[in-house]
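Visitor: The hints should help you fit chain B onto chain A, whose structure is shown.
Here are the chains, one letter per residue:
2 protein chains.
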Amino acid sequence: MSDILIPFSEICQSLTTILRSYGLSSERAEACATLFAKADLDGVRSHGVNKFLKFIEFIRVGNVNPSNEPELEGSIGVFERWDGLLGVGNLNAEFAMSRAIKISEQFGIGCVALKNSNHWMRGGNFGWQAVDSGKIGICFTNTKPNMPAWGGSEPVLGNNPLVIAIPRKNGPVVLDMAMSQFAYGKLENYLRSNKKAPFPAGFDEDGNLINDPESILKNDMALPAGLWKGAGLSLVLDMLAATLSGGDSTHQVNRTGSEIGVSQVFLCFDPLKLRMDKWIDHTCDAIIENLKSSKVFEGQKIFYPGENVLNTRKKNKIQGIPIDKKVWNQILKELES
Amino acid sequence: MSDILIPFSEICQSLTTILRSYGLSSERAEACATLFAKADLDGVRSHGVNKFLKFIEFIRVGNVNPSNEPELEGSIGVFERWDGLLGVGNLNAEFAMSRAIKISEQFGIGCVALKNSNHWMRGGNFGWQAVDSGKIGICFTNTKPNMPAWGGSEPVLGNNPLVIAIPRKNGPVVLDMAMSQFAYGKLENYLRSNKKAPFPAGFDEDGNLINDPESILKNDMALPAGLWKGAGLSLVLDMLAATLSGGDSTHQVNRTGSEIGVSQVFLCFDPLKLRMDKWIDHTCDAIIENLKSSKVFEGQKIFYPGENVLNTRKKNKIQGIPIDKKVWNQILKELES
Numbered sequence: 123m124s125d126i127l128i129p130f131s132e133i134c135q136s137l138t139t140i141l142r143s144y145g146l147s148s149e150r151a152e153a154c155a156t157l158f159a160k161a162d163l164d165g166v167r168s169h170g171v172n173k174f175l176k177f178i179e180f181i182r183v184g185n186v187n188p189s190n191e192p193e194l195e196g197s198i199g200v201f202e203r204w205d206g207l208l209g210v211g212n213l214n215a216e217f218a219m220s221r222a223i224k225i226s227e228q229f230g231i232g233c234v235a236l237k238n239s240n241h242w243m244r245g246g247n248f249g250w251q252a253v254d255s256g257k258i259g260i261c262f263t264n265t266k267p268n269m270p271a272w273g274g275s276e277p278v279l280g281n282n283p284l285v286i287a288i289p290r291k292n293g294p295v296v297l298d299m300a301m302s303q304f305a306y307g308k309l310e311n312y313l314r315s316n317k318k319a320p321f322p323a324g325f326d327e328d329g330n331l332i333n334d335p336e337s338i339l340k341n342d343m344a345l346p347a348g349l350w351k352g353a354g355l356s357l358v359l360d361m362l363a364a365t366l367s368g369g370d371s372t373h374q375v376n377r378t379g380s381e382i383g384v385s386q387v388f389l390c391f392d393p394l395k396l397r398m399d400k401w402i403d404h405t406c407d408a409i410i411e412n413l414k415s416s417k418v419f420e421g422q423k424i425f426y427p428g429e430n431v432l433n434t435r436k437k438n439k440i441q442g443i444p445i446d447k448k449v450w451n452q453i454l455k456e457l458e459s
Numbered sequence: 123m124s125d126i127l128i129p130f131s132e133i134c135q136s137l138t139t140i141l142r143s144y145g146l147s148s149e150r151a152e153a154c155a156t157l158f159a160k161a162d163l164d165g166v167r168s169h170g171v172n173k174f175l176k177f178i179e180f181i182r183v184g185n186v187n188p189s190n191e192p193e194l195e196g197s198i199g200v201f202e203r204w205d206g207l208l209g210v211g212n213l214n215a216e217f218a219m220s221r222a223i224k225i226s227e228q229f230g231i232g233c234v235a236l237k238n239s240n241h242w243m244r245g246g247n248f249g250w251q252a253v254d255s256g257k258i259g260i261c262f263t264n265t266k267p268n269m270p271a272w273g274g275s276e277p278v279l280g281n282n283p284l285v286i287a288i289p290r291k292n293g294p295v296v297l298d299m300a301m302s303q304f305a306y307g308k309l310e311n312y313l314r315s316n317k318k319a320p321f322p323a324g325f326d327e328d329g330n331l332i333n334d335p336e337s338i339l340k341n342d343m344a345l346p347a348g349l350w351k352g353a354g355l356s357l358v359l360d361m362l363a364a365t366l367s368g369g370d371s372t373h374q375v376n377r378t379g380s381e382i383g384v385s386q387v388f389l390c391f392d393p394l395k396l397r398m399d400k401w402i403d404h405t406c407d408a409i410i411e412n413l414k415s416s417k418v419f420e421g422q423k424i425f426y427p428g429e430n431v432l433n434t435r436k437k438n439k440i441q442g443i444p445i446d447k448k449v450w451n452q453i454l455k456e457l458e459s
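In order, the protein sequence lines correspond to chains A and B. Position 281 of the first sequence, counting from 1, maps to 403 under our numbering, and the rest follow consecutively. Position 60 of the second sequence, counting from 1, maps to 182 under our numbering, and the rest follow consecutively.
Since the hints were made in silico from the structure, they are not lab data. Some clues are possibly wrong.
Intra- or inter-copy, both count: the list cannot distinguish identical chains.
Unchecked claim - Think about it this way: if two alpha-carbon atoms lie no more than 16 Å apart in a straight line, the pair counts; the simulated EDC-like pairs of lysine to aspartate or glutamate are:
1) K308 <-> D205
2) K291 <-> D403
3) K447 <-> E193
4) K423 <-> D328
5) K395 <-> E195
6) K400 <-> E195
7) K423 <-> E276
8) K417 <-> D328
9) K317 <-> E429
10) K308 <-> E336
11) K417 <-> D342
12) K224 <-> E411
13) K266 <-> E191
Looking at chain A on its own, in the form it has when it is part of the complex (with noise of 0.2 Å):
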């Protein structure tokens, strides 16, 4: 795999130009477009331009409606249910929690569910998005089923992706977790080097748990973070955003063989709203300074999660942004038809 380095400026206006080709207003391509640029800028290369022609296929089949917003189904003050309409999932992603800010605004805690969305692509953004705007932000999705269950030689749970974000003047606390122990495309990325997960990452086909990603892949057995514990959350998280939405779950997204229809659930609080703002700094800095003081094994270093997204955006910002060759002559060759 080698990497060309592109500016943030030219992926999100190569992408707006190939997204308005695909019926997306100005202004709704411009926003996607740097959803997707935002997660290479921020270092999450599997969940953005990577991700961005199959995406395109999916509005090319009909899965995903460009242009459709979401709809209010119903609202009690601070709640908020939305249908998304089978629209772009992270442009009804970043609207919704954006809803969820407002509301916290108002009544120190905001909360919006969304069902009928489509794939998220990098949840982290909707964390950044609610620190940057001084929120402490939570919202996690369900997915097609692409892991068993505690003791199940098939997929029936999601991997459900988690992001709880705090903010901090110092460098806010952001983490962006799957269910499962590795994401399938660091797997997939195992599997093209040749090498062996560091940790057990999945089960064979006698219910063993194992390193090598070529059968984990090929059944979509992925390990549960947590063994037990990791399912258990997967199958609680999928209730939440089913039962909070009245969308689909997990058993539902893959009906039609893809992924399509996910329900998501966007939780904020407002540190001001909720006077939390003379002590949370202080709070997280001390939690983060003791952190950091740890003792380590040799050669280890601590990090809290969302630590190094800022480093690498600095970095990225500066030199450019490595996206994959093949990948972004793909792009070029689109922008050219």
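Guide: Coordinates of chain B only, in the frame set by chain A:
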């Protein structure tokens, strides 16, 4: 370890009598005793009667103030912040969840943050409390440091239990999980019976993953569930608990050498007020039906979180609750003194 079977009511009565002699009012003594007994009734023996004498010791040395009740610090509609005044942990938590339930009935969502509380014993009790009143309940607590950070060679993170409970007519779903892969109580059981944990359970002194409980127990080096993922989740739960409540974080909880003054969060959603009552049961039933119909590896069976509790509860109600004979004798001694 040999057990005797004691009826639920006898456990409640005995513990109530002891608690009254330590200064709890009749009503509070009974409520506190019932929460201890419920843990054993539901089969969560690590956090019931087995912990009672240590709890009494905490009252005796002044770590727990038996007569203090929570004091309201601030309120803004959907959110309340309470000071636990170092009172009785399980009573404080039950009170906080009851407030979250009440608030959710008014606003759809209710959130209570509690500082300066004490060990809530079995967290699952408060999940069952929420579902018993028809609410979705989420709660979590921080603890003293008892797990290393990812890469760290000393405990700096708490195992910070997280409870997510979803009401369902055919059996609620109640996830009650600490962030360590194995509870210390479980590791002690393995050690006592000269067994190894069935999966890696912590680190040895060189940072290797090990199944042998001895050195893990000696050094408080339990494995975060999901490796770096459980470590990250533990950190953000501590941040949420400490910042929302304005209370202590994990690194402060143990400063006296005892685990006192923990921070907790209780969050409820009222399905009725949020107009989810039309579909919540149907959605959860379908998810569980799908889960239970999964193909399994040979000899395996799939359970949803909380499923076994109802069976155990039923059995224990009929035949009596298994209690460690030694522990029960100590309780009888305490009762006579």
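Visitor: A separate judgement is required for each hint: does it hold in the structure or not?
Guide: Taking the hints in turn, this is what the structure says about them:
no.: 1; hint: K308 <-> D205; result: neither (32 Å within a copy, 45 Å between copies)
no.: 2; hint: K291 <-> D403; result: within (7 Å within a copy, 43 Å between copies)
no.: 3; hint: K447 <-> E193; result: neither (39 Å within a copy, 61 Å between copies)
no.: 4; hint: K423 <-> D328; result: between (36 Å within a copy, 15 Å between copies)
no.: 5; hint: K395 <-> E195; result: between (26 Å within a copy, 15 Å between copies)
no.: 6; hint: K400 <-> E195; result: between (37 Å within a copy, 14 Å between copies)
no.: 7; hint: K423 <-> E276; result: between (37 Å within a copy, 13 Å between copies)
no.: 8; hint: K417 <-> D328; result: between (40 Å within a copy, 12 Å between copies)
no.: 9; hint: K317 <-> E429; result: neither (27 Å within a copy, 39 Å between copies)
no.: 10; hint: K308 <-> E336; result: within (12 Å within a copy, 34 Å between copies)
no.: 11; hint: K417 <-> D342; result: between (38 Å within a copy, 14 Å between copies)
no.: 12; hint: K224 <-> E411; result: neither (31 Å within a copy, 38 Å between copies)
no.: 13; hint: K266 <-> E191; result: neither (22 Å within a copy, 46 Å between copies)
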